[in-house]
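**Q** This is what each chain is made of:
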Amino acid sequence: MSTFPSFSKAPIIPHAIFDTSAVKMSLGHHADHMNHTMSSATPSSVHPPEHNHPTTSPEHNHEGGMMMMMDMTFHFSYKNVPLLFSGLVINTPGEMAGAFVAVFFLAMFYEGLKIARECLLRKSQVSIRYNSMPVPGPNGTILMETHKTVGQQMLSFPHLLQTVLHIIQVVVSYFLMLIFMTYNGYLCIAVAAGAGTGYFFFSWKKAVVVDITEHCH
Amino acid sequence: MGAGGGAAQPVPRAAPAQPRGGMMAMYFFFSDKTVLLFDFWNVHSPAGMALSVVVILLLAALYEVIKVTKGKLLHRTVLSVPTSISQESLEERDRASVNSERGQQNSTQKRWFLYHVSQTLLHVIQVVIGYLVMLAVMSYNTWIFLGVIVGSTVGYYVAYPLLKVR
Numbered sequence: 001m002s003t004f005p006s007f008s009k010a011p012i013i014p015h016a017i018f019d020t021s022a023v024k025m026s027l028g029h030h031a032d033h034m035n036h037t038m039s040s041a042t043p044s045s046v047h048p049p050e051h052n053h054p055t056t057s058p059e060h061n062h063e064g065g066m067m068m069m070m071d072m073t074f075h076f077s078y079k080n081v082p083l084l085f086s087g088l089v090i091n092t093p094g095e096m097a098g099a100f101v102a103v104f105f106l107a108m109f110y111e112g113l114k115i116a117r118e119c120l121l122r123k124s125q126v127s128i129r130y131n132s133m134p135v136p137g138p139n140g141t142i143l144m145e146t147h148k149t150v151g152q153q154m155l156s157f158p159h160l161l162q163t164v165l166h167i168i169q170v171v172v173s174y175f176l177m178l179i180f181m182t183y184n185g186y187l188c189i190a191v192a193a194g195a196g197t198g199y200f201f202f203s204w205k206k207a208v209v210v211d212i213t214e215h216c217h
Numbered sequence: 001m002g003a004g005g006g007a008a009q010p011v012p013r014a015a016p017a018q019p020r021g022g023m024m025a026m027y028f029f030f031s032d033k034t035v036l037l038f039d040f041w042n043v044h045s046p047a048g049m050a051l052s053v054v055v056i057l058l059l060a061a062l063y064e065v066i067k068v069t070k071g072k073l074l075h076r077t078v079l080s081v082p083t084s085i086s087q088e089s090l091e092e093r094d095r096a097s098v099n100s101e102r103g104q105q106n107s108t109q110k111r112w113f114l115y116h117v118s119q120t121l122l123h124v125i126q127v128v129i130g131y132l133v134m135l136a137v138m139s140y141n142t143w144i145f146l147g148v149i150v151g152s153t154v155g156y157y158v159a160y161p162l163l164k165v166r
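Chains as they are written, first to last, in UniProt numbering: chain A, 1 to 217; chain B, 1 to 166.
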């Protein structure tokens with residue numbers, strides 16, 4: 001509790017500087033340096049102990065950052081970027097590069113998953129149609145089998161698989177949304193580029209699948 | 001003016017009007033002051049807010065238009081290509097086809113590729129606009145939100161029949 005006032009004050013001051021400085025966008029790294037010197041200089045009259053550890057101030061920053069530091073405009077920085085989980089904080093260019101690649105592949109995976117689900121759905125529908133085709137011929141009672149009951153449909157393997165894939169899709173899409181919500185330019189570009197690449201490499205499948213079902217009619 | 005006019009009156013206005021100070025508003029409010037997406041998009045007048053709402057409205061409408069366009073493009077890709085690639089080309093390859101037909105096949109493949117690339121581009125634009133609109137809504141400004149709703153409605157209403165008919 002005794003540390004609370006010290007870092008409730010620390011994030012506010014750099015943020016005020018951040019907002020008013022117009023050079024923040026392109027000079028994220030530089031501006032961050034400026035913030036360090038400013039934040040260690042400004043409160044030195046109020047909090048002398050903070051001047052002693054300027055190196056620990058970033059850690060203070062991102063601990064307080066979860067509470068109130070939330071950028072509301074786009075920026076390009078690779079310092080102190082929180083990523084979804086409390087342990088994941090980007091602080092170096094290398095980490096940002098890694099996060100970029102990871103987010104890129106996550107977005108690509110999302111696109112692939114979306115199309116794979118669609119593909120599976122069509123396939124199961126087609127197979128159901130094929131199975132049900134010959135059945136109504138011999139008897140009237142077998143109609144029961146062609147139109148499966150709701151319970152059977154729910155318990156069928158394709159439907160369960162679809163449900164599991166749907167869960168994964170929802171989780172991944174929320175993750176991507178939250179990543180975009182960090183307003184970090186690099187991560188946003190990673191999301192968009194991943195989505196584009198994924199669509200490019202997987203959507204031909206979609207076209208082919210649509211084609212198959214069109215022919216089956 | 002706000003500071004001199006009494007503490008009780010400006011407080012409810014001032015509190016939501018500065019979500020940029022690190023604290024974001026977590027409920028919808030009416031205000032003509034906000035910061036949207038970029039730090040240069042700083043709105044602080046009714047006229048600016050009206051302009052921003054129009055821009056966001058157009059963005060949301062564009063999203064719908066792109067969505068429908070993409071669907072149409074996919075349909076056209078499917079219609080144009082598989083007849084030439086999946087049926088003809090497979091048969092033609094077995095017969096070691098003539099050069100002119102091969103050239104034709106090349107051109108259809110090229111066209112398919114063009115369709116595919118443009119579809120991908122549209123998809124990227126759609127994803128980006130979708131996220132931008134989401135972030136704009138996240139400013140919790142009611143005017144912006146209404147702009148998004150109206151834009152989406154108009155876009156869907158206009159684009160869907162317009163692009164389906166052709």
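These aren't lab readings, by the way, just hints derived from the structure by calculation.
Some clues are possibly wrong.
Using C-beta positions, here's what the derived DEER-type ranges look like [claimed, not checked]:
| # | chain 1 | residue 1 | chain 2 | residue 2 | range |
| --- | --- | --- | --- | --- | --- |
| 1 | B | Ser-118 | A | Ser-156 | 20 to 28 Å |
| 2 | A | Phe-85 | B | His-75 | 39 to 47 Å |
| 3 | A | Met-177 | B | Thr-153 | 29 to 37 Å |
| 4 | A | Ile-168 | B | Val-54 | 36 to 44 Å |
| 5 | B | Ser-45 | A | Tyr-174 | 30 to 38 Å |
| 6 | A | Gly-87 | B | Pro-161 | 28 to 36 Å |
| 7 | A | Ser-124 | B | Met-26 | 18 to 26 Å |
Here chain B is said to cover these stretches of chain A; the calculated rule only asks that three of the stretch's residues, wherever they fall, bring their Cβ under 8 Å from a Cβ of chain B [claimed, not checked]:
| # | region |
| --- | --- |
| 8 | 72–84 |
| 9 | 182–191 |
| 10 | 197–205 |
Among chain B residues calculated to face chain A with C-beta under 7 Å, some are [claimed, not checked]:
| # | residue |
| --- | --- |
| 11 | Phe-38 |
| 12 | Ser-118 |
| 13 | Leu-122 |
| 14 | Val-128 |
All residues carry an ideal CB built from backbone N, CA and C; glycine is no exception.
**Q** Is 18 to 26 Å respected by the C-beta to C-beta distance linking Ser-124/A and Met-26/B?
**A** violated (42 Å)
**Q** Please check whether Ser-118/B passes as an interface residue: C-beta within 7 Å of a C-beta belonging to chain A.
**A** This interface hint is violated because 11 Å lies over the 7 Å limit.
**Q** Return holds or violated for the Cβ distance of Gly-87/A and Pro-161/B against the range 28 to 36 Å.
**A** This hint is violated: roughly 51 Å between Cβ atoms.
**Q** With 7 Å as the cut and Cβ atoms as the points, is Leu-122/B at the interface with chain A?
**A** Given a least distance of 9 Å, the restraint on Leu-122/B is violated.
**Q** Measuring from beta carbon to beta carbon, are Ser-118/B and Ser-156/A in 20 to 28 Å?
**A** The hinted range 20 to 28 Å is violated for Ser-118/B and Ser-156/A, with Cβ atoms some 38 Å apart.
**Q** Hint check: is the beta carbon of Phe-38/B less than 7 Å from a beta carbon of chain A?
**A** holds (5 Å)
**Q** Can you take a look at whether the region 72–84 of chain A is actually covered by chain B? Rule is 3+ residues, C-beta closer than 8 Å.
**A** holds (count 4)
**Q** Grab the minimum C-beta distance from Val-128/B to chain A and call the hint holds if it beats 7 Å, violated otherwise.
**A** holds (5 Å)
**Q** Do at least three Cβ atoms from the region 197–205 of chain A come closer than 8 Å to Cβ atoms of chain B?
**A** holds (count 4)
**Q** Between Met-177/A and Thr-153/B, is the Cβ distance one that fits in 29 to 37 Å?
**A** violated (22 Å)
**Q** Does the beta carbon distance between Phe-85/A and His-75/B stay inside 39 to 47 Å, or does it fall outside?
**A** holds (41 Å)
**Q** Within 36 to 44 Å: is that where the Cβ-Cβ distance between Ile-168/A and Val-54/B falls?
**A** holds (39 Å)
Hint check: violations occur at hints 1, 3, 6, 7, 12, 13; the rest are consistent with the structure.
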